[in-house]
Amino acid sequence: MGRKRKHGSGLTGLSGFVAKAFSEATTSTRRNTSQEDATSGLLEDETGSLAPLVEVTTADLSNEEGLRSIDAQTGLVQTQTQGWIEKYDATGIVPYYTDASQVPEHLKKYFYQRTRYLSLYSTPPGCLLDEEGWYSITPEVIANQIAERCRCDTILDAFCGVGGNAIAFAKTCQRVIAIDINPTRLALARHNAQIYGVADNIEFILADYIEFARAYAVRHSSPRTVLNGNGSRQIDVVFLSPPWGGPSYLAKSSSLNDGEEEIYNEGTQSFPPYSLASIQPIHGAELFHLSRKITPNIAYYLPRNTRMEEVSGLLRTNNDQIEQGAGHASGKQKKKAEEMIEVEEEWTGSKLKALTCYFGGLASGQEDMF
1 MGRKRKHGSG
11 LTGLSGFVAK
21 AFSEATTSTR
31 RNTSQEDATS
41 GLLEDETGSL
51 APLVEVTTAD
61 LSNEEGLRSI
71 DAQTGLVQTQ
81 TQGWIEKYDA
91 TGIVPYYTDA
101 SQVPEHLKKY
111 FYQRTRYLSL
121 YSTPPGCLLD
131 EEGWYSITPE
141 VIANQIAERC
151 RCDTILDAFC
161 GVGGNAIAFA
171 KTCQRVIAID
181 INPTRLALAR
191 HNAQIYGVAD
201 NIEFILADYI
211 EFARAYAVRH
221 SSPRTVLNGN
231 GSRQIDVVFL
241 SPPWGGPSYL
251 AKSSSLNDGE
261 EEIYNEGTQS
271 FPPYSLASIQ
281 PIHGAELFHL
291 SRKITPNIAY
301 YLPRNTRMEE
311 VSGLLRTNND
321 QIEQGAGHAS
331 GKQKKKAEEM
341 IEVEEEWTGS
351 KLKALTCYFG
361 GLASGQEDMF
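Residue numbers (UniProt numbering): 1 to 370.
Don't read these hints as lab results, they were simulated from the structure.
One should not assume that every hint holds.
No farther apart than 27 Å at their CA atoms in a straight line, the calculated lysine-lysine pairs in the BS3-like style are these [to be verified]:
hint : residue 1 : residue 2
1    : 171       : 353
2    : 353       : 109
3    : 171       : 293
4    : 293       : 108
5    : 108       : 353
6    : 87        : 293
7    : 109       : 351
8    : 87        : 171
If you anchor each label on the Cβ, the simulated ranges turn out as follows [as the list claims (entries may be wrong)]:
hint : residue 1 : residue 2 : range
9    : 246       : 101       : 21 to 31 Å
10   : 351       : 245       : 19 to 29 Å
11   : 217       : 102       : 40 to 50 Å
12   : 91        : 113       : 20 to 30 Å
13   : 364       : 87        : 27 to 37 Å
14   : 100       : 364       : 18 to 28 Å
Because the structure is a prediction, the values reported are computed rather than measured.
Glycine included, each C-beta is placed from N, C-alpha and C at the ideal position.
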């Protein structure tokens, strides 16, 4: 599925909107190709019943491109970045590792996968990640898969981190708005985007996404429109990849029933179901509903063990309203009116890495909602 890339002039000028949105408030500081398997079906929740309105698809992302021509002395790929802007070079802000002996013990497992996260990691002057970036960046093949599904004119990456997803979006979307509240990570994201040659397609904004979205909702009664000096701009898609709670998120759950934790910890490959309540900085459901005030088209990147009944519950209120408004419509008409969620399993080889939940016009069969 994909929408034809639109061509237009310039970026959104959203920086001006952010300045206006925060003129009355002070922002706090926090951090915030592929082969598609045609298999699909309905996912069962823990009780064995089918989670309503959730379609599951699988993306096999095993094909990864290796790096070429590596200098034996420096460990850097022997290529040069064109159009490099020195003032956006973030070299020295965080360590750049070329050998495992330089890496802190708790980050080594991520360092060994560095080219899976950023295939141009070794391209001079080298891609940069801070500690949180190492364990939170989306693997590149998955980022590329999501970017293809989210192909549009303007996409907003709400928690851009060190730029893995924003870089991928810049290849499929005309405009990318990359927001992060951490100035270091935003600088690293711009640095990495320069290495990939896509920095000019990305507008980097230092802001708290939660405050941004709330200010947006107050100032714009009509969804999906951002006003600026040139008139209006539309945000087609919002991508949500909020903090999951750190590297130990798989072992966390805020809503396990009595005895459930023991059951899920018996097997080495099983984990307690992940609740949207563990999402940071606010409850994952609240984050979703806040983002839907910007656009109905949401791509929500979540842990692989996320509770599916909570995901399907995100649309329950919306679909109840549709059903009430349908009146005496036939069952088939009501079913067609209900919004569906598509949950894509992100696999690399034999490992399930994460889930991407597509809402609105991003879900297969609902392109007319885009």
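Where does the structure disagree with the numbered hints, that is, which hint numbers, in rising order? 4, 6, 13 and 14
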